[in-house]
Structures are given as C-alpha cells and as structure tokens.
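**Q** In case you want the letters, here they are:
Number of protein chains: 2
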Amino acid sequence: MKAEHINPFLVAVSNTFSTMLDCEARRGEIALVSSGTKLFPISGVIGLSGMAAGTVVINLSKEVALKAASAMLMMNITEINDDVIDAVGEIANMVAGQAKAELEEYNLSVSLPNVVTGEDHAIRFPSDAKPIGVAFDTDFGPLRLEVGLEPIAQTAGA
Amino acid sequence: MKAEHINPFLVAVSNTFSTMLDCEARRGEIALVSSGTKLFPISGVIGLSGMAAGTVVINLSKEVALKAASAMLMMNITEINDDVIDAVGEIANMVAGQAKAELEEYNLSVSLPNVVTGEDHAIRFPSDAKPIGVAFDTDFGPLRLEVGLEPIAQTAGA
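Here the protein sequences come in this chain order: E and S.
Heads up, the final residue of the first sequence is numbered 157 in numbering that gives the first Met the number 0, and it's a clean run with no missing numbers.
Heads up, the final residue of the second sequence is numbered 157 in numbering that gives the first Met the number 0, and it's a clean run with no missing numbers.
Among the hints, erroneous ones may be present.
No copy labels: a pair is met if it fits in one copy or bridges any two.
Stated by the list, open to error - Straight-line distance between alpha carbons at most 25 Å, and here's what the computed DMTMM-like set of lysine to aspartate or glutamate pairs gives: (1) Lys61 <-> Asp119; (2) Lys129 <-> Asp85; (3) Lys37 <-> Glu104; (4) Lys1 <-> Glu118; (5) Lys1 <-> Asp85; (6) Lys61 <-> Glu149; (7) Lys1 <-> Asp127; (8) Lys37 <-> Glu23; (9) Lys129 <-> Asp21; (10) Lys129 <-> Asp82.
Hints are computed from structural coordinates only; laboratory data are not their basis.
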C-alpha cells in the first residue's frame, strides 16, 4: 500500500481513543509488516472494499481491550467476554469508518467487524499486499495497527 | 443473516473444491454459529460490503490446507508456509467471489483476504450478526464455513 494512505488510519486511532475512551494514544514508528510479527491476543478486523480492497487490524493487548470496554460500558470489566468482543469490534468499526471518509478517492465501504482471539494467533495478508504496521503506546497499554490497502483493477462488471 | 443467503456460499465452496482442487466437498448441517465453537487452526477470512456488510470465514484443518495448497501449486507441501497462506486466501477469495455474484441484490464487493492462524484462535462476529456455520467433509479432510451477512441501513452519503 502507499505510505500516505496510512495517515488517515493513524489519525482515526488517536481520535477514537481520545474522543470515545478519553485515552491518549501515541504512535510509534511506521514499518512494513513482516510476516509472523507477534501479536497481542485480541484483534478487531474489518474489511474495506470499493475502488481499493484492504483490511484494517487493530490488535490489542488484553489490558487495553479490558480498559477500553470498561470505559465504553462504564463498568469495570476484568475478563474477555462478549461485551469486550463487541467493544473491540466497535473500535475497529470506528477506526475504519473515520479513515474511509478521508480516502474518498477509493469510495470505500466496510465489512462487518470480526474479533479474533487467541494467545498465539497471527493474521496474514496476501504476500503481495505489503501491509503497514504501527505500534501505539496508550494510557491503557500497548496496541498495534496493521493496514493493507490495494487499488483494484477495474474490469467490466466488477 | 437470512438462511437463504447461505446457499450461494455452500455452492461456492463445493464448486471451488471440485473445479480448482478436484476434491469433493460434502456439506453437513446448517446451524447458527455459537460463540466459542472450536475452530481448525487456519482460517481464510474475507469481508463483504455493499448494500449488506458481512464476512466469510473458511476454516481449514491443517490437512485440508496442506492438500489444497499442494493441489493448487502442483507440489507436495508438508508445512504451513507462505505458499499455503496465499492458497488459503485465494480459496476464500474464490468462495466469496462466486457467492457475491449470486447475491446481486446487495451489489457486494470483497476486501483483501486475510489468513488467521493459531491452534486456539477464535473468530467472533458482532453479537447481533447471527452468523451461520456449516461443516464440510471433503476428500482432503474436514473444514468449516461461517458466514455473517447483514443488510445495511441506507443513509444519505453512506
């Protein structure tokens, strides 16, 4: 993907955390995702399609997922339950929704969010997609953003 | 999701396995996905969006993933490597692509495929999405299809 296309997603993560969760999220270095990067155990995943096809992964440490869900639901949640899963999906949805508005040229729409859990899970992109990854340090703990987005070849009837 | 919308995906799985892989795939019972269903260790995931939003998960046992990649690449592959990851993504892509053609009323487009790995991984849908799951028994071994698809409310500018 083009490096400049990561910016709307970076801004969307910071905005979502500050406005929804009253939590500051500070971004680290931008780098190409190398296959097999160790992930935190909870990922919100949302597909993007339109004039480009892609995926946003917002990968959360357990502490960030629990504190974010607690903030959204205004209650103290201490284990990964369906409320946390829905909260993580909603965060992915908000990040993708804000970013797509900034990427008007691709006329993107979003899939349903899914939430992947598992201590050893990995989420791979197609080998030709060259996704970009960014670590964030937040007041709730660490998280990671990965985005792959490729313009699609337009064919009749596509 | 509506039960009748699962059919294009069932047909697409059988067609993809028979035409691409020369492998018969026999479907089992159709059921609502219950949260926490134990999955096989490799999942091809692809987002759908348009007048409906959804996700297709094609969840493969290791033996199916290896045999499918071996058939696609015409070589004997014995471990999960990047070729297998790409093959599983391509299978998800073909299943989603065939199914969307049958669901014209939603004018669906597809995201990039992702491949999730991990012995204990789980892929959760939003709690209001009511995804449908179907087990398949194939000549290569067992696999599982899960699909969630919800019409989206149309708003100005959406």
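**Q** Against each hint, give a clear statement of whether it holds in the structure.
**A** Here is what the structure says about each hint:
Taking the shortest Cα distances, Lys61 and Asp119 sit within 25 Å of each other both inside one copy (13 Å) and across copies (16 Å). Taking CA atoms no more than 25 Å apart as the test, Lys129 paired with Asp85 passes between copies only; the shortest distance there is 13 Å, against 28 Å inside one copy. In this assembly of identical chains, Lys37 and Glu104 lie within 25 Å of each other by CA distance neither inside one copy nor across copies; the values are 33 Å within and 40 Å between. Taking identical chains as interchangeable, the C-alpha atoms of Lys1 and Glu118 are never at most 25 Å apart, the minima being 31 Å within one chain and 33 Å between chains.
Only between protomers do Lys1 and Asp85 lie at most 25 Å apart by alpha-carbon distance; the minimum there is 21 Å, versus 30 Å within a single protomer. Within a single copy, Lys61 and Glu149 get their C-alpha atoms no closer than 30 Å, and across copies no closer than 29 Å, so neither meets the 25 Å cut-off. Proximity of Lys1 to Asp127 under the C-alpha cut-off of 25 Å is restricted to the intra-copy arrangement: shortest distance 13 Å within a copy versus 35 Å between copies. Taking identical chains as interchangeable, the C-alpha atoms of Lys37 and Glu23 lie at most 25 Å apart only when both belong to the same chain, with a minimum of 24 Å there against 36 Å between chains.
Proximity of Lys129 to Asp21 under the C-alpha cut-off of 25 Å is found in neither arrangement, the shortest distances being 32 Å within a copy and 31 Å between copies. Within a single copy, Lys129 and Asp82 get their C-alpha atoms only as close as 33 Å, which misses the 25 Å cut-off; across copies the closest is 16 Å, which meets it.
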